[in-house]
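K.L.:
Chains as they are written, first to last, in the numbering used here: chain G, 1 to 299; chain E, 300 to 858; chain V, 859 to 1242.
In short, the hints are calculated from the structure, not lab data. Because the structure is a prediction, the values reported are computed rather than measured. One or more of the hints may lead you astray.
[Stated by the list, open to error] Ranges of calculated distance between the beta carbons of each label pair, as one might list FRET restraints: (1) G:Asn-189 - V:Pro-970: 55 to 61 Å; (2) G:Arg-249 - E:Gly-738: 58 to 64 Å; (3) E:Glu-789 - G:Glu-242: 37 to 43 Å.
[Unchecked claim] Straight line, CA to CA, 30 Å or less: simulated BS3-like cross-link-like pairs of lysine-lysine: (4) G:Lys-222 - E:Lys-361; (5) G:Lys-39 - E:Lys-301; (6) G:Lys-222 - E:Lys-853; (7) V:Lys-877 - G:Lys-89.
From the three backbone atoms N, C-alpha and C, an ideal C-beta is built for every residue, glycine too.
This is what each chain is made of:
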Amino acid sequence: MNIEEAAFQEAPFHPGHLACAGCAERIGHKLALLALGPKTILVIPACCSTVIDGIFPHTASKIPLMHTAFETTAAAASGVKAALLAEGKTDITVLGWAGDGGTFDIGFQALSAAAERNEDFIYVCYDNEAYMNTGIQRSSATPFGAWTTTTPLGQTKDLPKKNIVEILAAHRIPYAATVCPAYPQDLTNKFRKAKKISGFRFIHLFSPCPTGWKFGSDLSIKLGRLAVESKVFPLYEVEKGEKYHINYRPKGIPVGEYLLDQGRFKHLKPEEIAVIQENVDKAWHELLLKEKYSQEKEI
Amino acid sequence: MKRRIYQNEIEMPEVAISESGSEWNKTGGWSTVVPVHQNKRAPCQRDCPVGVDIPVYLDLIKQKKYLKAYKIVKETNCMPAITGRVCYHPCEDGCNRKVLDQPLAIHALERFIGDWGLDNVPVKKHKVDLSKGKIAVVGSGPAGISCAYHLIQKGYPITIYEKESKPGGMLRFGIPEYRLPEKVLDKELKSVFDLGIEVKLNCQVGKDVSWEELKKFGAVFIATGAYRSRKMNVTGENLEQVKPALELLIETNLGKKFDLTGQKVLVMGRGNTAIDAARTALRCGAEVSILSRSGQQEMIATQEEIQMALEEGIQILELVDIGSFEWIDSNTARVNCVRLKREVNKTGKVRYPVMEGSDFSLTANLVLVAKGQDSELESLPAELEKDQSQVQADRWGKTSAERFYAGGDLALSAKTVAFALGSGRRAALAMDAYLSKMGLKSGEENILVTREADLNLAYFMKAPREEDVLTEVHSRKSSFKEVNAGLDQEGILREVARCFSCGTCNSCDNCYTFCPDLAVFKDNHQYRVYTEYCKGCGICVQECPRDAIELALKLGEES
Amino acid sequence: MKKVITGNHAVAHAARLAKPGVVAVYPITPQTSVSELMAEFVAKGQLKARLIRVESEHSVMAALIGASMAGARTFTATSSQGLALMHELLHWAAGARLPIVMVNVNRSMGSPWTIWCDHLDSLSQRDTGWMQFYCESSQEALDTVLQAYKLSEQVNLPCMVNLDGFYLSHTVEPVDIPEQALVDAFLPPRKPLYKLDIDDPHSFGALTSPEHYYELRYKAQKEMESAKELIKQTNSEFSQIMGRSWLPVEAIQTKDAEIIIVTMATTVGTCRWTVKKLRQQGLKVGLVKLKMFRPFPAEDLLEAIGEGPRVVVLDRNLSAGMGGIIQQELKNIFYSAGRRNQIFSAIVGLGGRDITPEQIELVVKQSLKDMYAADQINWLGGKI
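All chains should be modelled from the sequences, with the hints used to inform the complete structure.
P.N.:
See the structure below:
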């Protein structure tokens, strides 16, 4: 390993960035880049990461970073990759790194198109479940029952979270996976695996946000763990849209343990928590069935 | 490095392209707190009377660095092969692992590393500085040996005076062979003596050598132990069928073989001596019962010893006391007993008052009394202040007489091997301070102890405690062969992996992995914090499994 | 090699000859056959480019911005609604100083739906920082695309080459398609000023505070201004190799003119014919063809028109609430230069309404008689 690679392994981006204290996106970003290595080009739309990277003429990034308009991540990344391939450079990873707003909502069209075209790059959606960069407005990634500034108390979000991984699995992309920074080894494994696959790869990164979810900045990893342990955010992979593999089968804890540490859920009544529990259980059960079915299909 | 602000368009690039990194932005200024990697004490460390650095050596065993682990243990404990076998392991009672499943079998790990050291680590004679004061140690039990061991490391010439023909004190005479084989004892003692300690056997100070003669020594450590079995003070106690339990143990350890086949033996007592005597008698062929004043759960003996005794077929009669003995014939005595009841008063104190009208009688061929030991004080120098059964000495072994230090069973009410070892070590430190005219550095300040609530249990998975590998009961009963075979290497590694390493950083990398601000960095196996960038989020503290890092207020910040 | 082809195909050939590394396509009438021919070139191996078949024009421009930023030469074609959809990213491409060349086939904007020609689509984008050229013939369109690449890559600004929808895009004309070798002699491979490079990593387009944004805009303006002369140099180099020349402003019979028509694109062709006819009638009429709209060639226009003649501007566009766009810009430069020519404004050809010699004759004659007020909009050809 030469000096630059060693420095990258020590710190894949510079300190002094502008993330809030306790931001899980940075933890995920660090682990992802360590897994992918320095031959990576970042494409970042308008989102927290844009601002986190800092102000011209400085950058926190140690790799090339293209800032792009809000809804264009997947299209811009497609363009970057095409240019690299036109030059015969096949060993550089293009990494789209977008928030949930730029993925589930405004960026959805470009995302679906790039997935359909099986563009050869890795798209990571770090999901803090709202438009956090503009001050905590709801997105279609905001979970049922959550408070945001556009779903304030009295009208908290009464619709379920869009299941982005299932939507992308339906595009039959080579690889889709969920990761959580509280499970760093699983996250690292999946990025390493994704790096070796050609075609469109989508990674849904769970990103607890102290500022937007209203919890103490030291609990980001703990909440990531509770989300996985309570099955609110299962860790699984889908290959080619058909083969499901659940990476971790938690014993299960009540969703209340995950929800009630967060200010955005503090208002929930027991009936509402029961509904959430029911939905989580149902979704988990369906996931188990999908995995079983995909295994049986192979036989 | 500063924030760049271009002063004129001529300096600027054509587009918003970055010129340099963000390191100029010292985000540490956002935070009023800073994480500090600060080891705390584990409860096992706190509770070990010898002061062994348990989490540190367990971590070294985990890494298979046995030599380093052995050296850590030997910094405080000169006889781990012995303590691993016989210590009552208060470390295990305090072990935080019990909140997840069962406490760590630290005794097995200590025994393993002690045995490994004896097999693999040669002993080099320590250089002795004759200009330093000479040290005399009276008594070669654990206290005396510990004191001598620590002082020879500092280069003091040392002579141990032992009145018996073999060294070891209670280790040799009080603890049965099947718990502590003589071979192991001899090996362990040799590894201490080979450092260059002179041992004079068959030499009792006050008889073969006078206390006056010991004036030539710069300081004297007296650790003559406690061998006087206490009396019950009941009628018939002086019958020949009633003997002190310690006597059976000593005689057996001296090699005498007793044939108690078919004999009914009662042992009165509730400590380890009672259990040792009972199991010894069993191996001599007897049918044994133990009478305990307290309930079985509250017996002073370790629960493992009680379990083994029960497995071997020894009966325990709880809440029983003896009122008197009566002579039946030369081989039989009547033992008149009463039942006790267990009472807890308002302050939580437990008492065992006699149950009226519960008299009953037993017969026995031999009654062994194990009610504890006192020290023989008459032959000790007059200058030493004594009370009824002990020499008065402070925590550091200092007595009322300058130059004289005392420890072990002679000076402590807690009469255990571990306490004796600890007292010998502290006395060594005090004697060294006295002789070198330096202040005594107490390394044991108030350091915070890691409690269960301080740990992050998410990082630990349940794993069963390794069971001791014991000889099958049937073969045990008739043999003095060592019962506990110790764990094999796989078992050791499985067990040591269960250690939480409470309060002691073992480089798990959690703080380093989870820092969003790249503010924790690794410097070899240590961690440091870039306070210029740390935003004080506290994730490192929250995710430390073992309470080795905490948030401290920065100077000048109001809380 | 001379071929009889449509304007769309002509520009597609130009793009092929320029050897872009990445082409993005999305269909819209009347541009679609450009994209189709590009796809065919790639499929047949005549163009070694990565073709991205995106799902909207917005993504077309996003993909090209990405590709250009990674160092590739890029190309696309669009019209009207598609161009408007890209609006946000047109600003982006210019601010990022990327030499993207795009063909825009002029088509009017809905609502209501229309597919026919006027210039509002491209002229609404005049503030985005793109250079803009308007072509009178298919040959000119082909040649302009090639010149656009060279110019763009020198000043690092994107360039839009406009063709009139249906008039040029779909009518066939004989076009000389140059040999690859000649094009290579004129247009070397792109050497990007900056690019996404693993060996020299930077961030691009980061949040820029008021401390610096102003100056970046200043620099872009300066480069665009320099294009006014650079285009002539480029054209001269082109002319030497290809034997054809296209000036940013062409003056036709202006020296003794009493009235000068100013207009762009295919309307110029109709005007050439009409001017000839009016001259035969004894009227001293001249014509100025405005080819380069951005940067606005102020000096060339002032020189071509001179101080005396009346001017009538034929605007095939309408900036609602203001009037014709070209006349507005022309009046601006004349006023700044202290010129007092009378400038009349005519709105022509909206939504594909044919611009006829009769209309032109009418407005010229009436302008000569000062029948219009200075601030009056002359709705030429409208049923008003």
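K.L.:
Check whether the Cα positions of Lys-222 of chain G and Lys-361 of chain E lie no farther apart than 30 Å.
P.N.:
holds (27 Å)
K.L.:
How does the Cβ-Cβ distance of Arg-249 of chain G and Gly-738 of chain E compare with 58 to 64 Å: does it lie in that range?
P.N.:
For Arg-249 of chain G and Gly-738 of chain E the Cβ distance comes to about 60 Å; the hint holds.
K.L.:
Below or equal to 30 Å on CA atoms is what counts here, so check Lys-222 of chain G against Lys-853 of chain E.
P.N.:
It holds: about 25 Å lies between the C-alpha atoms, which stays within 30 Å.
K.L.:
Given the hint of 37 to 43 Å, is the C-beta distance from Glu-789 of chain E to Glu-242 of chain G inside that range or not?
P.N.:
holds (42 Å)
K.L.:
Would the hint linking Lys-877 of chain V and Lys-89 of chain G be met if the CA-CA limit is 30 Å?
P.N.:
holds (18 Å)
K.L.:
Next pair to validate is Lys-39 of chain G with Lys-301 of chain E; report whether the Cα-Cα distance is within 30 Å.
P.N.:
holds (28 Å)
K.L.:
Are Asn-189 of chain G and Pro-970 of chain V spaced within 55 to 61 Å by their CB atoms?
P.N.:
Check passed, 56 Å falls within 55 to 61 Å.
The structure meets every hint from the earlier list without exception.
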